[in-house]
Structure formats: C-alpha cells, structure tokens
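Listed in order, the protein sequences are those of chains V and Z. Going by our numbering, the residue at position 75 of the first sequence is 75; the numbering climbs one at a time, nothing skipped. If you want our numbering, it's the 1-based position in the second sequence plus 1000.
Hints are computed from structural coordinates only; laboratory data are not their basis. One or more hints might be untrue.
[Said to hold, decoys possible] The following label-pair restraints were derived from C-beta to C-beta distances:
{"#": "1", "chain 1": "V", "residue 1": "17", "chain 2": "Z", "residue 2": "1155", "range": "26 to 36 angstroms"}
{"#": "2", "chain 1": "V", "residue 1": "68", "chain 2": "Z", "residue 2": "1272", "range": "27 to 37 angstroms"}
{"#": "3", "chain 1": "V", "residue 1": "114", "chain 2": "Z", "residue 2": "1233", "range": "53 to 63 angstroms"}
{"#": "4", "chain 1": "V", "residue 1": "69", "chain 2": "Z", "residue 2": "1093", "range": "34 to 44 angstroms"}
{"#": "5", "chain 1": "V", "residue 1": "68", "chain 2": "Z", "residue 2": "1138", "range": "36 to 46 angstroms"}
{"#": "6", "chain 1": "Z", "residue 1": "1110", "chain 2": "V", "residue 2": "114", "range": "19 to 29 angstroms"}
{"#": "7", "chain 1": "Z", "residue 1": "1207", "chain 2": "V", "residue 2": "96", "range": "50 to 60 angstroms"}
Cβ coordinates follow ideal geometry from the N, Cα and C atoms, glycine included.
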Amino acid sequence: MPNLTIHPTGEVVYLEPGETVLGGLYKAGYAYTIGCRRGGCAICKVDVLDGEFSYDHPVADSVISEQERTDGTCLSCRAVPDSDVTIEMRDSCLRLVNPFLRQINEKARLRAEALASTTTKE
Amino acid sequence: MGILRMGYAHVRVTDLAEAKHHYANTLGLYETHSEDGKVFFKGWDEWDHHSLVLEEGGVGVVKYGFKVEKPEDIDEIEKKGQQFGLTMERMSAGENAEVSDGIRFTTPSDHVFEVYHSQTLIGTEVGTHNPEAFPRHLVGVGVPGLDHSLILAEDVRTMENMLTEVFGFYATERVQTDLNDDDAHYIATWMTSNNQIHQIAVLEGPQSKLHHVAFKLQDWAEVGHAGDLFTMDDVPIDIGPTRHGITRGQTIYFFDPAGNRNEVFAGGYLAYPDRPTVKWTPDQIAKGIFYHAREINERFTTVST
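In isolation and in its complexed conformation, chain V is listed as follows:
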C-alpha cells in the first residue's frame, strides 16, 4: 500500500501494509548499514522528509530522543509508514544488491497501483 520514495534519486519502493522501512527496502533488494534489526542499536536511522510513520514496538529513549521523535528521525527497523513517505539516507549509502528482488517489487507496485485506479473508477 504505501510507496517509499528515496530522495534524491527518486526511486520508489512498494511496501506491504505493516512492513517496516528496513524490511521493505531489504525485500526490494536494497542494503545499507544496519545493526540489530530490533530497535536497540540506533544505527539504521534515516530521515523522513515527507509522510507519516509509526513504530510497531516500544523504542527506548536512549535510542530515539524526545527531539528525534518529532524531527523526522526514523529508526528504520521499527518504523512502519502510515502513508506514502519520502526518506533520505544519512551517512550510509543505499546499495541495490539484488536486482531480481527490485524487479519483483516494481511489478508488485504497478499491480497495486492498477488495482487502486480500478477501485477508484468503480
């Protein structure tokens, strides 16, 4: 359902409902610097430039500070988009490591968009 756009390249990744930002990116064939994948180490933070997300688990204050809860900081392993979102990587570079998964994701996105437009017409 939500589309995740990567700034500044403009690449779009399709996420299943309930999928985390990290989970969605890896499932679409991308890789970047990640750590525990369970919300504890804080290394997979990215910035959300546009759109809304929420955390699917409690996140420790030592991992996300009070300020970071409102400034667009996104702990990507626990963040689930509530709408389409645009993210920007921090120090870590996003690499496409599996083009086949990227193709599958692209088709899933086009199918979801086609389905959405049919539903709207009806």
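Since the structure of chain V is already known, use the hints to place chain Z on it.
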C-alpha cells in the same frame, strides 16, 4: 578465594513478553521468578537461583553480579575498591530477589557491579544424586548457563587495573598497540579469576554500554544446532557460526528482541594465572575477533546497547 564467577547479568528489554519468549523458548533458560516488570532466569546446569534478570523499559545492561566464596571476601573487596578510589556501597539481602547482602559500586567504565556471597540454592535440573547427563526435555537451544559478558569502556587499561587490583582477575588475552605493555595502549582485554577463559571482557568504546552477554555451549555441533534454531525463530544473526582467534572459542553473535547482542560460546582453552597473556596487535585484530572471515564486520565496533 575471591570472585568465583560472574553470577548474573541484569539487562533491559523494550518488550518483556517478547524477551521472555526469546530467552525461555529459543535459548531454553528456566524462569525462576518474576516481580514488577522483571523476570529471572537460570540455565539447566546452574544451581543458584538466577543468572539473568530481564527488566522492562529501555535497552542495555543495568548491572552485573559477581559471586564470592565467603562473606569475608566481601570485606576484602570493599577495602581494595576503596584503595583503588571507588565508592563502595553496602547492599542488603533481598535488594535483589534471592541474593545475599554485599557491595555495589560503579566501575570506571560507568557500569554497575555488585558483589555477593550467596543466592538461594535451587539446584541444577539434573540434581546431584546419580544425575543424568542432561535434562530430557530441554527447550530450544537449551543453554546450560551464563558464560561471560563484553562491555565497552573509554579507558580499557584502567578497567583492567581495577579488575586486577579489586577483583583479583588476570588478563588471558589482550589487544594492545605495542607488545611492550608499558608503551602500549590497551584496546581490549579478556579477564577471569579462574580457569574459565574469560568472565568479563572490556573493549574500547562508549561508557556504560553493553556489547554482548554470552551463554555457554559445549562444541561446534551445539553452536551449529543453535544457529539452525535461530533461523527457525527468526533471530537476527550478527555473525557466525565462526571461531574467535582470541580465546579460540566457537561462536554465534545474535540479537535479542530488544536489540541487545547475545552470544552462544563454546570451547576456549583452560586459563591459568601463570600462563603468559596472549597479545594481539591491532593489524591482526580482525583475525583475533573473527578467525575465519578475518574481517571485522561493520557492526562489531559500532553496534551496542
């Protein structure tokens, strides 16, 4: 006699229910007690009441408990701690469930250490009377007990001095910038009080942080079996199965559901205080940490809780 072993690690978790599932059903620890947001566990081959405490709220380590043989050992360690310049605080029996009175202090690395002389004796799961080799119905990995922990500190040498002078520990292995100890900067140290290859290790890094808490296994086969179970239970693997050059132990690093790093650790040679300390130079540290890959993954020095 002094310190017998690291008796317990007390760790914070963000979600107690998920953490309980991991430590009880994946690792196979036995729950022995629970009270206001805390759960206590022991391994099947441990006899004292608990070796792991989980506390809901946050991540990282709350404190460690070290067990001494006799109550008089507490006075001795208190005196040595004061001589070292530490503030030693007395704790009463019951401040920690089922743990005796003792002392508590904050280390130069900003970790909290407690020293106690007894815990309520529960007994191992196989007992002491004509015991079987292992309990028949172990759950998951079925770890027999807690092994050691690695903590981070800005000043490793001061931590090694403290553990030597106050606890009577000695270094089995060390990473240092020069083979001459006097000229060297200490990057990491592995320390023990007995034949166990390490009870606590200290790596240069941010104060008060936890790198990992390790549980014992017997051999390669058990480490491999644990890895299979981690896949079945969707436990994130950090690295392994592989070997550490340092200690020669066989290992998997993995993460609990709050992101605290765990390890299953097997093997390691017998330590003796008169065995010369093994020294690793920084150019060979990758082989020392991960003996097969000979590369430090990007998480080893950057990911902690």
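Structure-based check of all given hints:
| no. | hint | result |
| --- | --- | --- |
| 1 | 17/V - 1155/Z: 26 to 36 angstroms | violated, 49 angstroms |
| 2 | 68/V - 1272/Z: 27 to 37 angstroms | violated, 49 angstroms |
| 3 | 114/V - 1233/Z: 53 to 63 angstroms | violated, 37 angstroms |
| 4 | 69/V - 1093/Z: 34 to 44 angstroms | holds, 41 angstroms |
| 5 | 68/V - 1138/Z: 36 to 46 angstroms | holds, 42 angstroms |
| 6 | 1110/Z - 114/V: 19 to 29 angstroms | violated, 57 angstroms |
| 7 | 1207/Z - 96/V: 50 to 60 angstroms | violated, 38 angstroms |
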